[in-house]
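J.: Same order as they appear, the protein sequences are chains A and B.
Numbered per UniProt numbering, the first sequence finishes at 385, counting up by one with no gaps.
Numbered per UniProt numbering, the second sequence finishes at 1149, counting up by one with no gaps.
Each computed DSS-like pair below joins lysine-lysine, with the alpha-carbon atoms no more than 27 angstroms apart: (1) B:Lys577 / A:Lys13; (2) A:Lys369 / B:Lys691; (3) B:Lys695 / B:Lys68; (4) B:Lys611 / A:Lys186; (5) B:Lys832 / A:Lys59.
For the chain A half of the interface with chain B, some residues (derived, Cβ under 10 angstroms), not all of them: (6) Phe329; (7) Phe337; (8) Ile380.
Hints were generated in silico from the structure; no laboratory data involved.
Please read these numbers as outputs of a predicted model, since none were measured by experiment.
Glycine is no exception: its CB is placed at the ideal position from the N, C-alpha and C atoms.
Next come the chains, spelled out residue by residue.
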Amino acid sequence: MPAVIHNDVLMYKGSNLFRQRLLLSTLSGRTIKIEEIRSTHEDPGLKEYEVNLIRLLDKITNGSRVELSESGTSLYFQPGILIGGQITHSCCTQRGIGYYLEVLLALGPFCKEPLNVVLQGVTHHDLDVSVDKIKTTALPILLKFILVDDGLELKVVRRGAPPLGGGEIVFRCPVRRHLRPLQWTKWGLVKRIRGVVYALRVSPTMANRVVESAKGVMLNFLPDVYINTDQCRGPNAGKSPGFGISLLAETNDKTFYCAESKSSDAGTGEVTLPEDLGRECALKLLDEIHRGGAVDSSFQWILALWMALGQKDVSECVVGPLSDYTIKFLQHLKEFFGVMFKLEVIRTEDDDEGSADEEDKTPSAQRIKMTCIGIGYVNISKRTL
Amino acid sequence: MADDAVFDKKKSHRAKHAGRKAEKKKKKTQVDQSNLSARQRNPKAFAIQSAVRAERQFRRREDVIAKKQHIPKVDKTPLEPPPIVVAVVGPPRVGKTTLINNLIKSFIRTNVSNTKGPITIVTSKKRRLTLIECNNDINSMIDIAKCADLVLLLCDASFGFEMEIFEFLNICQVHGMPKIMGVLTHLDMIKNAKKLKMTKKTLKHRFWTEVYPGAKLFYLSGIIHGEYLRNEIKNLSRFISVMKFRPLSWRMTHAYVLADRLEDITSQESIRKDPKINRDVVLYGYVRGVPLMKDSVVHIAGVGDMRISELSYLPDPCPLPSSEKKRHLIERERQIYAPFSGVGGIVYDKDAVYIELKGSHSHKQDDEEADEKQALLKNVVETKETVDEQMQETGLKLFSGGDLIYPDMLKDDEYLQQGKSQDGDSSSDEQESDDESDSENDSGIDQSEKDTKSKSSKLPWDNGSGSEDEGDDDNDNDIIDNNKKENENDLNSDDTDSENDEVNQEDFSIKWKEKLTENATTAYFERQKTSKNIMKLVYGDFEIGNKTKNQDEEEESEDSDDTKSAGLLKTVTSSQKKKHKEKEQLDLDECSFFYSLNKPNLRDWTKDENKLILINSFVTGKRSADEDAEELLKLDDASDGDDEIYGDFEDLETGEKHVNDEKTDTQSKVEVGSKRKADPAKAEILNKKLKLKAKFDAEYDNPDDHRIKGDHSYYESLKAEALKQSELNKSVFENLDNGLRIEVEGFRPGLYVRMLFKNMPSELVTNFDSSYPLLIGALNMAEQNIGFVSCKVKKHRWYKKILKTNDPLIISLGWRRFQTLPIYSKIEDDLKCRYLKYTPEHVTCNMHFYGPITPQNTGFLALQTVSNATNEIQQLGFRIAATGSVNEINKSTQIMKKLKLVGTPLKIYKKTAFIKDMFTTTLEVAKFEGARVKTVSGIRGQIKKALSKPEGAFRATFEDKILMSDVVFCRTWFKVDVTKFYAPVVNLLLPIGNKNAWQGMKTKGQLKRERNIKYDANNDSMYTDIVREPKVFKPLVIPKELQKALPYKIKPKAKTMTLSKKNKKEQFSGRIAVIKNPHEQNVSNVMKMLKTNFEKKKEVQKQLTSEKMKKYKKQQEAEEWRKIKRQKEVKKKICRQLSKMSNKKQKQM
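For reference, chain A alone in the conformation it holds in the complex:
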């Protein structure tokens, strides 16, 4: 649903895609107004985790103006200038740290001072990408855009499972004046599978059972499978029990696919079998590999963002089928920055062949080539001497 522009203010409705809108508003410097936030719900207005996000944005910017209506159903946001620097933030436990970390990752290269953030909260959540996934999958993407790694780092100090959390991470990000244009059309073949299984406040055998089943699936495809277990104790294990797995597939062109699963939250009454969990995660990873593309499907949007914010040169990347979130993000990019991607469906030769010699339905994943000209975004916050 396109925004209505009124007096240079972008007007939106509904709480969906709240994070995207705030993120793009901060980057573009355009004021937004969001109305009818859960106005028909029993619990109207912004939720705690969204307010928490606004707080975080306020911490890393200077001169932001936020106006919330009394009922919390409408929000006016006038972004300031990105400052960055040393920040400690305790995230809301309703969402994972990934919810906040993704925003910081997207904003990181454009701050005045290099970002050095300590985030506390839930490190693994069902709705959000886990910190492990961001570390293994998203950071290599940023590295492609900034080329030199001077202090890009994500450290998981403590893990914390929902609902109480208690995890902590440290994220450092260097600043850049502008991003390079990127051409990334080949991603190669998967050469190794790595993974980590964590068990917090549960028996260590759980972790081993998960490893066993996940490995069982993956070994059908590749012999190079190593899965670590991370059995946390004491304060390092957070406040709630839980266990989970994240699997990483690395290709020979430095593309990373990651899939993850975690046990159901403590207190919900559901029981998760470790064997099922491992198998589910492995299948998810295979699904991700099948989708293919230069980046993991969860980070298509961040790839699109950094492509759009590049210099006024052509960037082109090939990704797997666009996720719903990415589509929404592309629409938002058009609204905030006026940048439009040229999207093409690419046909690989094996598509034709595959369906030619076998009549059964083996739909190969759609590959989409995204091409755009960067808007020539420069980091206006950074100081020159």
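Here the structure of chain A is known, so what remains is to put chain B in place on it, guided by the hints.
T.: This is chain B only, laid out in the frame that chain A set:
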């Protein structure tokens, strides 16, 4: 035996040293000395004599090379570049207009009566020029410097360089130096040949110091019949047409348009009602710099920030000639376009056709018939486009009150033209547009639904679990997948067909070939369709095209569709569905996973058939043709010898033999996990060859590379990268349809665009003066916002005054000119900005102001006034007050002013003291508790606590006891805020003739002078005579202990110890004061008097004796003299007597 060996030995070869053979050989080995370099001729001279020197030489060479290297920039010049802006600048009455007229005449051989505004002309097959004259207003000079590619700087040689020229050069330096060519005119005014030569030389050298040594300076020697000499003009035009340009960083990041036409399209009725009503203005011009995005904010210099409400491109009014192979321009292609000057013939706009009538008098001269004929003829001659193109421009109106219909709408070029909302109805015959009309209603969803229904062979996304798709939230995505898969299927079936053909082959080869092309085209279309669909899926909700639409317009058209179309019910339901869906999505939780909220039923990849799909994604699987080492080897072989392409080979991995036999080949294809297509097609070889050729071309075309020798692989790789990027930039959108291309890429430079601005101030139109440049500069992201800008600045050394903090200053930064209140500061070592009241001289300082956010390192210049009043200019001399560049942007500032709080001791204990007068209240003291204080003599201390009794006094401790006379001070910092004042210079809105008199905020000094306000001077600041009393020192006292330790030499000597009388006497006289009684006093008085008398008498006597002595001496002398005289006489006598006697004797004898 030994002898044998000697005899057995073969005669050794003896080279001939003389004779025919030797000569031949000599000739052969001889090298031609004339062609050799010095190094070859005399290699010893160049041998390394000293390692140190060789090392130095090497280092120097490397330095020279490194100096030549620049960071490679991506070349962004478009294929069809915009006209080059040639600005003619100079003080009044140097011959700017004459020069422009002459240049136009020399380029296109027509006379232009009045030259106002930019004039675009075609000069050669690949070059167009936009000539523009700059008037003598500093605002225009600034705007021209921002947009000109080449500046012809005119100068009256008989007068010399004027201040305007130096000002202009300075402006250029700040905003990015365009190419500058000096032109000296009025050379015929200098009659004396020698003087002329001298003038030329001095002016040339002055010009070189300003621009760069060796800069081109032209001489226009004189005017004949009001024109410059033809040869000289021709020469100049040649220089212009071969000029090369360097990219400037500001213009390589910002789009800009130099408007060459302006139309006011406000309805006449509303103007009649209110002449001051805000106008809708359309501006036209070529896009320059980088692509201009559709909904970008622009700054119109001299007016302010505006948002383009409508942007579209028009056919080029002054196009480059078609790419026919011929050397020269034919007369018809030498075009001129200058709406402000009234030249340019017929102009096609979006909604009108303009015909230049050249005033009302032009008709009168000829009779009407001839005139008409001529007009027709001219029309034909002057048309710049084909009839088809013209047809496209002219619209057809079906119903009164309906929209114009353009031929373009009937084609699939949906993005180009406006009013597309109705095109679906008007052209139902075309399938493509039919699709579009559908998509108009439901943005792609409906269409795909229809498709799925009609085909009914629905391919599930996940095998076996297709049902879950139905209820899925993201059915958009799925549907598009399905859609795609259908196409795929079609295509695949085609492919299988073709493969069958291949198997049968040979006799059907011709047919097969035909089919192949057919297949290819259909495949292409399919692909287009799918790609379009994905575009539509993402961007379906947006208005894409040449013109933006209104939301309600769309609504309206939808309604009309509803009423007209038979599928009334369907559309309504679809729109309802859409709304429902929107509502559903309104408050969803945000999640960036592929399956956003619901867990998917995963495909069981461990099953064998599923495994097959995936197995090739792993390194253990088979590679694709272009990656497999074997295939590549084969390809290499093929390129070596074409005959071996289909040779036999053995696949070692699978152990199967590939023989040159079609059957096995096809078989192997069918095999499980078979190789991907591996035919090393000839095309690939060709491709490879082409690549090599391109590489060679690139190397050959850039001879610059060869100057840089040695191992500079890093630099070379950077260069290659930039080259690759620029190739990609040019090629990637080449085949895209124009409307979509503009949407993706923006309006690329070189396009002629029409910009509609709504709500422009009416003064722009009513006070429009075409001699002022109308520069429209696009603003990048966040540049339309306002914040605090921190920059470094240096007062210009030619500017007479220093600048004062918070005095209004006019700054030209980026595209803008604005007035603001700056605060100067100095960055201390701890990066604190210390407030300065005035700019320092000859050094840079920091400056903060409230203004538009501009990227770092952008240059700016500052003026104190832009008004052109002559007396003011004369007073100032040079108008550019300061120059600098932006450092940092922020939303708040931290400028600290140094503040010293002074107090005096109230009471002093040992090391504690009570200090008063520093603060006025206890609260203030409480704020400063723990602060450091210091006395003037340097004793440090700390503020402890406030005292109760004298308000504001406090207790402080020091490191030593302080004195009551000490002054205690406390150093603090006080934050100074930057005043939020930002006023753009709106000189284009001022009345004609008054445009150069923009007056913003006045300085305090100006106001005081105007109103004759005088403040009394502060007494402390008055200069008074310094009175210094002579210092009285205390006698030096050396302690006894110290004295003892001193060496004898420097020990103070007490004059008591000796026994001599003299000293004794002195000692007593010094020690005892003698007080005489009155008698004694009298006695001594009398004695004194007697003494005086006696002395007087003695003196007189002395004098008398001396006089007597003198007298006596004289007398003595006189006596002596007489004595001598007498003696002489006697002697004389005697002598006479003697002589007489002797004479007598002689006579006797």
